[in-house]
Every structure is written in structure tokens, then in C-alpha cells.
Amino acid sequence: MMPHALTRTLDRSATIFLLVVAAVGVLVPLSNLLLPEGSLFQVPTYLMALFGKYVCYALLALSIDLIWGYCGILSLGHGAFFALGGYAMGMYLMRQIGSRGVYGNPILPDFMVFLNYSKLPWYWHGFDMFWFAALMVLLVPGLLAFGFGWLAFRSRVTGVYLSIITQAMTYALLLAFFRNDFGFGGNNGLTDFKDIVGFNVQADGTRAALFALSCVALILGFLVCRAVVTSKLGKVLIAVRDAESRARFLGYRVESYKLFVFTLSACMAGVAGALYVPQVGIINPGEFAPANSIEAVIWVAVGGRGTLIGAALGAVVVNYAKTLFTSGVLAPYWLFMLGALFILVTLLLPKGIVGTFNAWWEPWKAKRIAIANATASAAAEDGVSKPKMAE
Amino acid sequence: MLLTAVCVVPALAGAFEDAISKFANDDFSDTDEAVGAVAASGNPQAFAIISALKDGRLMADPDSKKVYVTEPDGKITDAFTGVAVDKLPDGAEAVRLNNRLRRTVEAALGGLTLLSPDPAKRVEAAQSVFKTHDAAMLPVVDGALAKETDKAAKLAFTEARAAILLFKEDATDAEKIEAIATIKLRGDQEALALLTGLAGAEQSMAVARAAANATKAIQSRQTLWSVAQNAWYGLSLGSVLLLAAIGLAITFGVMGVINMAHGEMVMIGAYVTFGVQEIIRNSYPALFDYSLLIAVPLAFIIAGGIGVLIERTIIRFLYGRPLETLLATWGLSLVLQQAVRTMFGPTNREVGNPSWMSGAFELGQITITYNRLWILCFTMAVFVILLAMLRHTSLGLEMRAVTQNRRMAASMGIATSRVDALTFGLGSGIAGIAGVALSQIDNVSPNLGQSYIIDSFMVVVFGGVGNLWGTLVGALALGIANKFLEPVAGAVLGKIAILVLIILFIQKRPRGLFALKGRAIEA
Numbered sequence: 001m002m003p004h005a006l007t008r009t010l011d012r013s014a015t016i017f018l019l020v021v022a023a024v025g026v027l028v029p030l031s032n033l034l035l036p037e038g039s040l041f042q043v044p045t046y047l048m049a050l051f052g053k054y055v056c057y058a059l060l061a062l063s064i065d066l067i068w069g070y071c072g073i074l075s076l077g078h079g080a081f082f083a084l085g086g087y088a089m090g091m092y093l094m095r096q097i098g099s100r101g102v103y104g105n106p107i108l109p110d111f112m113v114f115l116n117y118s119k120l121p122w123y124w125h126g127f128d129m130f131w132f133a134a135l136m137v138l139l140v141p142g143l144l145a146f147g148f149g150w151l152a153f154r155s156r157v158t159g160v161y162l163s164i165i166t167q168a169m170t171y172a173l174l175l176a177f178f179r180n181d182f183g184f185g186g187n188n189g190l191t192d193f194k195d196i197v198g199f200n201v202q203a204d205g206t207r208a209a210l211f212a213l214s215c216v217a218l219i220l221g222f223l224v225c226r227a228v229v230t231s232k233l234g235k236v237l238i239a240v241r242d243a244e245s246r247a248r249f250l251g252y253r254v255e256s257y258k259l260f261v262f263t264l265s266a267c268m269a270g271v272a273g274a275l276y277v278p279q280v281g282i283i284n285p286g287e288f289a290p291a292n293s294i295e296a297v298i299w300v301a302v303g304g305r306g307t308l309i310g311a312a313l314g315a316v317v318v319n320y321a322k323t324l325f326t327s328g329v330l331a332p333y334w335l336f337m338l339g340a341l342f343i344l345v346t347l348l349l350p351k352g353i354v355g356t357f358n359a360w361w362e363p364w365k366a367k368r369i370a371i372a373n374a375t376a377s378a379a380a381e382d383g384v385s386k387p388k389m390a391e
Numbered sequence: 001m002l003l004t005a006v007c008v009v010p011a012l013a014g015a016f017e018d019a020i021s022k023f024a025n026d027d028f029s030d031t032d033e034a035v036g037a038v039a040a041s042g043n044p045q046a047f048a049i050i051s052a053l054k055d056g057r058l059m060a061d062p063d064s065k066k067v068y069v070t071e072p073d074g075k076i077t078d079a080f081t082g083v084a085v086d087k088l089p090d091g092a093e094a095v096r097l098n099n100r101l102r103r104t105v106e107a108a109l110g111g112l113t114l115l116s117p118d119p120a121k122r123v124e125a126a127q128s129v130f131k132t133h134d135a136a137m138l139p140v141v142d143g144a145l146a147k148e149t150d151k152a153a154k155l156a157f158t159e160a161r162a163a164i165l166l167f168k169e170d171a172t173d174a175e176k177i178e179a180i181a182t183i184k185l186r187g188d189q190e191a192l193a194l195l196t197g198l199a200g201a202e203q204s205m206a207v208a209r210a211a212a213n214a215t216k217a218i219q220s221r222q223t224l225w226s227v228a229q230n231a232w233y234g235l236s237l238g239s240v241l242l243l244a245a246i247g248l249a250i251t252f253g254v255m256g257v258i259n260m261a262h263g264e265m266v267m268i269g270a271y272v273t274f275g276v277q278e279i280i281r282n283s284y285p286a287l288f289d290y291s292l293l294i295a296v297p298l299a300f301i302i303a304g305g306i307g308v309l310i311e312r313t314i315i316r317f318l319y320g321r322p323l324e325t326l327l328a329t330w331g332l333s334l335v336l337q338q339a340v341r342t343m344f345g346p347t348n349r350e351v352g353n354p355s356w357m358s359g360a361f362e363l364g365q366i367t368i369t370y371n372r373l374w375i376l377c378f379t380m381a382v383f384v385i386l387l388a389m390l391r392h393t394s395l396g397l398e399m400r401a402v403t404q405n406r407r408m409a410a411s412m413g414i415a416t417s418r419v420d421a422l423t424f425g426l427g428s429g430i431a432g433i434a435g436v437a438l439s440q441i442d443n444v445s446p447n448l449g450q451s452y453i454i455d456s457f458m459v460v461v462f463g464g465v466g467n468l469w470g471t472l473v474g475a476l477a478l479g480i481a482n483k484f485l486e487p488v489a490g491a492v493l494g495k496i497a498i499l500v501l502i503i504l505f506i507q508k509r510p511r512g513l514f515a516l517k518g519r520a521i522e523a
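Read top to bottom, the protein sequences are chains A and B.
Be aware that the first sequence starts at 1, since it is given in our numbering, and climbs by one per residue.
Be aware that the second sequence starts at 1, since it is given in our numbering, and climbs by one per residue.
Worth double-checking, as some hints may not be accurate.
[Claimed, not checked] Now the stretches of chain A that chain B is said to cover, found in silico as 3 or more residues with beta-carbon under 8 Å:
# : stretch
1 : 101 to 110
2 : 141 to 154
3 : 166 to 173
Derived by calculation from the structure, the hints in this document are not laboratory data.
Virtual Cβ for every residue (Gly too), placed ideally from N, Cα, C.
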């Protein structure tokens with residue numbers, strides 16, 4: 001059973017994708033640490049941090065693709081789960097600063113001293129322990145998604161209505177986190193991190209490790225998604241995407257399937273956010289902005305929804321383009337580019353890069369196999385036995 | 001009645017002269033007495049003398065005990081006779097003041113304006129006496145009251161008198177209780193402050209009880225007024241929301257398309273207003289008051305035209321894929337925003353209020369600004385016109401048919417794609433004229449649309465689609481709820497509460513307040 005499930009999860013393109021991510025996850029940190037600075041093949045630290053950001057975005061895109069591409073749920077508020085995971089990690093990092101802050105308070109983070117807090121708010125307790133913070137990275141987005149999804153899916157809020165209320169959710173959180181008395185640092189957010197599990201977050205070694213960890217998280221996230229979408233559960237999800245009422249009439253509890261996949265996706269987004277924060281060095285309420293969530297959706301659309309690999313690829317490609325365009329003379333045109341990307345991809349490339357590639361590649365492959373089969377059967381007629389193709 | 005008219009004691013000329021000569025003593029307490037005497041004299045010169053004293057223009061010669069008023073333009077007059085003098089005596093110096101004296105001077109001036117020929121000035125002076133309730137002003141107030149003929153001024157004097165009596169130590173309880181009744185009738189924040197100020201002083205039981213009752217009565221009346229005020233603010237916000245959302249409701253209702261670029265249509269309308277005003281300012285300044293009348297049809301045509309263009313070039317290729325439409329229109333909104341930013345710059349552009357839209361008036365204790373009132377009227381007019389259009393025109397009939405059952409409508413020979421284009425144009429055009437109205441109360445910047453888009457969605461989702469009444473009720477309900485939550489929870493928390501409430505509400509009614517009923521099932 002097990003090998004069968006494994007081959008089902010890992011078809012050829014999935015294996016190639018995993019190998020590429022693993023290679024990047026190993027080679028980039030190694031080249032950064034081992035090669036001398038200025039060497040042609042050495043990846044500078046700033047570039048590694050940038051790539052690390054892309055990898056986190058790729059994981060976020062993967063989580064969106066899981067629900068949008070396979071279950072038809074277009075969430076315009078996935079940035080909220082990403083940011084909540086980020087805040088959970090940020091709180092841990094704030095507590096690690098200890099008495100090295102500007103005000104030197106061993107318990108209270110700087111912004112609390114500044115805002116005259118007398119003691120730590122109750123929801124900050126426990127965040128001095130890494131395991132607790134790591135748990136919260138999964139639990140907080142997961143619980144929010146569970147509660148939200150339970151309410152929404154049970155009463156059959158679908159389509160654009162769901163998109164709009166997810167957007168309202170992230171907007172409400174944006175407003176809340178901007179408040180100083182909410183206890184999360186207001187509009188400045190959380191920053192000035194020093195240590196993560198005892199290592200300096202600024203050190204090259206830590207950054208390399210974080211990069212490698214992000215790649216590991218992407219690999220694991222990809223495996224989980226593949227396992228879900230290739231299982232029987234995944235078939236039901238696709239049925240829900242394509243004909244929700246019919247799936248319901250066939251006796252499937254549509255809301256349970258949706259709820260499961262929505263919660264899983266939120267947890268993945270939370271992990272992505274948690275890995276993002278130490279690499280970027282700051283988390284602020286801007287991450288909750290509805291525009292961010294919509295931008296993340298376009299990564300998936302560019303790469304190809306319902307392909308998983310495409311989502312990750314789209315996140316990297318779009319963000320690389322963004323880095324390229326927003327830093328140069330073309331900066332004023334970036335929003336034109338991004339806007340045009342939204343329009344052109346939905347109009348001309350509805351399957352995205354990977355989907356379109358597959359649409360070209362699959363018939364060609366099928367033809368090749370058919371020819372191979374034809375020659376094989378012709379050979380068999382000649383009396384020469386040949387092993388049949390596995391696929 | 002206690003309000004016996006007490007005439008101003010006719011001041012003897014000698015007393016007035018004595019008083020004036022006291023200014024020359026260069027002694028603060030003498031100056032104090034002099035101010036009081038001059039103010040009480042009722043002499044026509046009194047105002048000029050005391051205001052000169054306030055500004056340091058009152059000169060006194062200690063040797064001759066004569067006092068002179070110097071005007072800012074250098075003219076010098078004798079304070080007592082009012083005769084012009086060529087030059088000041090050598091020893092003359094400005095009469096000095098200290099802080100205590102300055103207060104006396106202010107109060108005396110206030111009392112003197114009580115006799116001003118302008119009724120508005122008299123009311124103003126009476127109000128300031130009401131606040132200070134200086135017992136020394138009582139004779140002046142009484143005198144003014146006796147002579148008063150103007151209704152508003154009479155009321156103000158009565159109230160001022162009541163305030164003085166209330167704090168006068170030798171006033172009888174009956175006088176005080178009557179004063180409290182007068183102040184209670186006034187019933188505003190200042191009356192309340194006065195009555196609560198009384199609580200500190202020592203009073204007889206009856207007076208204290210009357211004051212407490214009056215305080216309670218005023219407070220409950222003020223609660224009522226604040227409810228009315230909140231309701232007005234809520235209506236005003238609701239009308240803005242309705243204006244922003246109504247176009248969205250139409251496009252969403254007919255095509256099932258959430259147009260994320262809707263906010264940008266609003267922004268374009270605002271920039272059209274800016275453009276119109278700019279041309280008028282430079283070329284035809286006399287027409288400025290008509291700028292909005294010109295901008296409204298122009299904004300409708302421009303935004304509507306852009307809407308039709310968008311529908312023909314982008315949206316019609318995406319029918320049946322609402323989520324993709326949402327993404328494409330979001331991209332469009334980015335492009336439009338950036339285009340406007342490139343053309344007009346990222347900063348706020350100034351759009352002026354025409355004269356008939358600026359200013360405010362008071363209704364009881366609430367202040368109503370003309371621009372908010374006009375926007376409310378305008379919104380209602382747009383709503384009614386739109387409703388009539390949907391009911392009584394053939395386009396309206398076709399739009400309703402397509403909303404209810406697209407395929408059936410197509411089978412009956414309605415050109416659905418033409419209806420789609422016109423509907424999108426109409427929705428965008430209405431967004432454009434919403435922009436004209438919003439330019440009057442909001443900053444005209446490329447981000448204008450963004451700040452309304454989420455609120456507009458909430459209205460549409462809350463109200464339900466396919467029915468304009470749903471949008472109306474949704475917008476007004478959200479506006480009013482928002483403004484009533486604001487004083488309790490604060491602006492931001494109130495907004496968050498509204499968002500959470502809508503999310504919860506959607507659970508109960510996934511298709512909004514006024515959903516179209518039908519047996520069709522999607523997907």
C-alpha cells in the first residue's frame with residue numbers, strides 16, 4: 001500500500017520539483033557559508049534573505065492553491081493567516097530580546113514600556129518558550145480558519161460572497177492590529193529581533209539555516225498537499241470545486257471537506273509567515289492589508305491554479321519581477337505591470353504557466369506513448385516479447 | 001414677579017468725573033473702582049475709555065488728574081469731555097493693568113456691549129455674562145432687559161440674569177429656584193455646567209433639590225439630542241455608503257460580477273470634478289457655484305464610458321467565471337489608480353465647495369452642515385431616479401429580466417450582452433457621480449476609491465442583490481449602526497464590530513437581507 005501511495009503522491013514532475021527545491025535548499029546556504037566573499041558562485045547574504053522570502057511566499061501560494069485550485073474556495077484573506085503566524089513568531093522573538101531592549105525591561109518588550117504597560121498582557125504569556133510559539137504558529141491561524149470556515153461553510157456561503165467576507169476578515173484584523181491598545185505594537189509592529197533559539201538572527205549561519213528550513217517547510221508543505229489532492233479526499237475536493245451541489249446530493253458532507261482543507265491551508269500559511277518574519281526582521285499590521293492577500297492569489301493564477309508546482313513557481317516569478325521592477329527606473333510602472341498581469345493572465349492564460357505547459361505537453365506525451373505502444377504491439381505480433389510501459 | 005425692572009441709576013456728572021480722575025492715581029485698587037464706576041455710569045464715552053484702558057491707550061496725567069484716550073491713529077481726546085486735544089501733557093503715562101484688573105476690564109467691556117445697538121452683539125454679551133455670572137453685572141443686565149425688544153436678546157438676558165441670581169449670595173431661595181427653572185429651559189451644555197458648578201456651593205435643601213432635578217432633566221434631554229445627532233451622522237454616512245455602493249449593487253445584481261475597480265470609478269468622478277473646477281477657476285470664475293452641476297453629467301458620461309469600454313474589452317470574456325472577473329477588475333483598479341497618480345500626482349487635489357454647499361445651520365442642539373445635507377438629498381434623488389428607471393423604462397425591464405433569469409431572458413429575445421454592457425456602464429456612471437459628491441467631503445487622491453470599496457462590498461453583501469431597496473436599507477443600517485457604535489466603542493473598534501457582525505450575519509442569510517427568492521440552484 002505504502003509504496004503505491006508514494007508513487008501516486010510523487011509523479012515525475014513532483015519529484016523534479018522536490019529535487020530542485022532540495023538542491024536550492026542545500027546549495028544556496030552552502031555557497032553562502034563556504035565560498036569566499038566576492039567569489040562568482042557565492043550567494044551574498046542579502047540575496048539569500050531575498051530568496052528565503054520567496055520560498056515563504058511560495059509556501060503561502062501553495063496553501064492558496066490547495067483551496068482555490070482544488071476546492072474552488074477563493075480566499076482573499078489568506079494574508080491574515082500568514083500574518084498571524086508571523087505575529088506568533090514575532091512575539092517569541094520579542095520575548096527573546098529580554099533586557100537588551102532600549103528600555104532594558106527584562107519582561108516587557110520596548111513598545112509596552114513605551115505605552116506604559118504595567119505587566120505583560122495574558123496573551124503574551126508562554127511566548128518565551130519556542131515550542132509554545134511554534135504551536136501557536138499552527139494553532140492561531142488554524143483555529144481562526146476553523147471557526148470562520150465552520151460558520152461560513154455550514155451556512156453555504158460560497159463564491160464571491162465568501163471571497164468578500166474573507167476580505168472583510170483580514171480588513172478587520174488590519175484595523176485591530178493597527179491599534180496600540182491591542183497589545184501587538186500598533187502600527188510599528190514587532191521588530192528589532194535579536195535571537196532565535198539562542199542564535200543571533202543577523203548571523204550568516206542563522207540566516208542560512210532559516211533558508212534551509214524554509215525549503216524544508218516548502219517540501220513538506222508540497223508533500224502534504226500532494227498527499228491530500230491525490231487521495232480519495234482530493235477527488236471529493238475536486239468534485240466540490242466543479243459541482244458543489246451535485247457532490248452534496250451524492251451524500252458527501254461538503255462543508256466538512258471544505259472545512260478540513262481550509263484549516264489545513266491556514267496552518268500552512270501560518271508556518272510560511274512564521275518563517276518569513278525572522279528572515280525579514282519585522283512584522284507589522286501592513287501584512288494584513290487586503291491588497292497583499294489578493295496579490296498572493298495572483299501568484300497562484302500566474303503559475304497555474306490547481307497545479308501546486310505552478311503556485312510555488314508563480315510566487316517566485318512574480319516576486320522576482322517585483323523586486324526587479326520596484327528597485328529600478330521602472331518603479332512607477334510596477335503597478336501598471338502588476339495590474340496588467342492580473343488582467344492578461346485571467347484573460348489569456350487562465351491555466352497559468354504550468355497549466356498551459358501541461359496542456360501542450362500532455363497531448364505530445366500521449367502521442368509519444370501511443371506510438372511507443374503501437375510499435376510495441378507491432379513487435380509483439382512479430383513474436384518478439386517486449387516489456388509493456390508502466391504508465 | 002421678581003423681575004422688577006430696575007433702571008440704570010442715572011450717573012451724576014460729578015461722580016463720573018471723580019471716577020475718571022481715579023485712573024490718574026496710578027493705584028490698582030483705584031483703577032479697579034474707576035472701571036466699575038465708569039462701566040456702571042452708562043455714559044456714552046464709557047466703552048471707548050475702557051477699551052482704551054484694555055489696549056494700553058488710556059493716558060493719565062498725575063499732576064492735572066486729567067485722563068486722555070489715544071486712538072490707534074494718533075488722535076487724542078479728553079476722556080471726560082470727549083474734546084480733541086492736540087498733544088499729551090509731558091507727565092502723562094499709560095494707565096497700568098495687572099491680571100486681576102484685566103479680568104475686571106474684560107467683564108466691564110462685556111457688560112458694556114450688553115447695551116450695543118446690534119442685537120447679535122447683545123446676545124453674545126449676554127452669553128458671556130451667563131458664563132461668568134458676575135454679580136456686579138446684575139444692574140446692567142436688569143437695565144438692558146427692561147429696554148430690550150429683540151426676542152432672542154431678551155431670552156439671552158433673562159438667562160444671564162438667572163445665572164447671576166443663582167450664584168448671588170444674598171438672593172432668596174424663591175429667586176434661585178426660579179432661576180434654575182429658566183436655566184433648565186435653556187438645557188444645553190453650558191446650562192449643565194452652571195448647575196453642576198452650583199452643586200459645590202452651599203445651598204438650602206430646596207434649591208439643591210431643584211438644581212438636581214434640573215440637572216437630571218437637562219441630561220436626559222441631552223441624551224435625546226445626542227441620539228438625534230448620532231442618527232443624523234448615521235444617515236449622512238449611510239447616504240455616502242449608498243451612493244458608493246448603489247452602482248456596485250447594479251453590476252453585481254445583474255451580472256453576478258464583483259467589480260473591484262468600482263472604487264476607481266468613484267475616484268474618476270472626483271477627478272472630473274477637480275478638472276471642471278480647474279477650468280472654471282482659470283477661465284470662468286463666475287461659474288464656480290455651478291461647477292458641480294456641470295460635473296455631475298460629465299462624470300456620469302466619462303465614468304460610464306470607461307465602464308462600457310471595460311465591459312467590452314475585459315469583462316465579457318470572463319462571464320461565468322466570477323472569481324476570475326474579481327481578479328481582473330482588481331488588476332484594472334491598480335492600473336487606473338496608477339494612471340491617475342501619473343497624470344495628477346500622488347497628493348490630494350483641492351476641490352472646493354460651492355457657496356451653497358458650505359456652512360452649517362443649527363437644528364435644536366445638532367449642527368447640520370449643508371454639504372452633508374445636500375449629499376443626502378442628492379443620494380435620495382439618484383436612488384429614486386434609478387428606481388424609476390428600473391421600473392418604467394425598457395432598459396430597466398430588460399435588466400430585471402436578465403437579473404432574474406439570464407437564459408430565459410435571452411430566449412425571449414433580449415440581447416443580454418448589450419444589456420450587460422449598458423448595465424456595467426450605468427453602474428460605473430453612477431459611481432462617477434458618487435465621486436462628484438464625495439469630492440465635497442473627502443480628499444481627492446488616487447486612493448479615494450480604495451477607502452470605499454470594502455464598505456461598498458459590505459453594503460451589497462448585507463443588503464442582498466437584485467433589489468435596490470436592499471442596498472438602501474443595508475447602507476442606512478450600516479451607517480447608523482456605525483455611528484451609534486462609535487461613541488461607545490471608538491471609531492476603529494466600532495468598525496471592527498460592524499465587520500464581525502456582517503460576517504456573522506452572512507451565516508444567517510448567505511444571500512443578504514433582501515435576497516431574490518427562487519428555486520434555482522447553482523453549480
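Check of the stretch 141 to 154 of chain A against chain B for coverage (Cβ-Cβ below 8 Å, three residues minimum) = Per the Cβ count (4), the hint holds.
Verify the coverage statement for the stretch 166 to 173 of chain A against chain B, using a C-beta to C-beta distance below 8 Å and requiring 3 or more qualifying residues.
-> Since 5 is at least three, the answer is holds.
Assertion that chain B covers the stretch 101 to 110 of chain A - criterion: three or more residues, beta-carbon distance below 8 Å = It is violated, with 0 qualifying residues against the three required.
Violation of the numbered hints given earlier is confined to hint 1; every other hint is satisfied by the structure.
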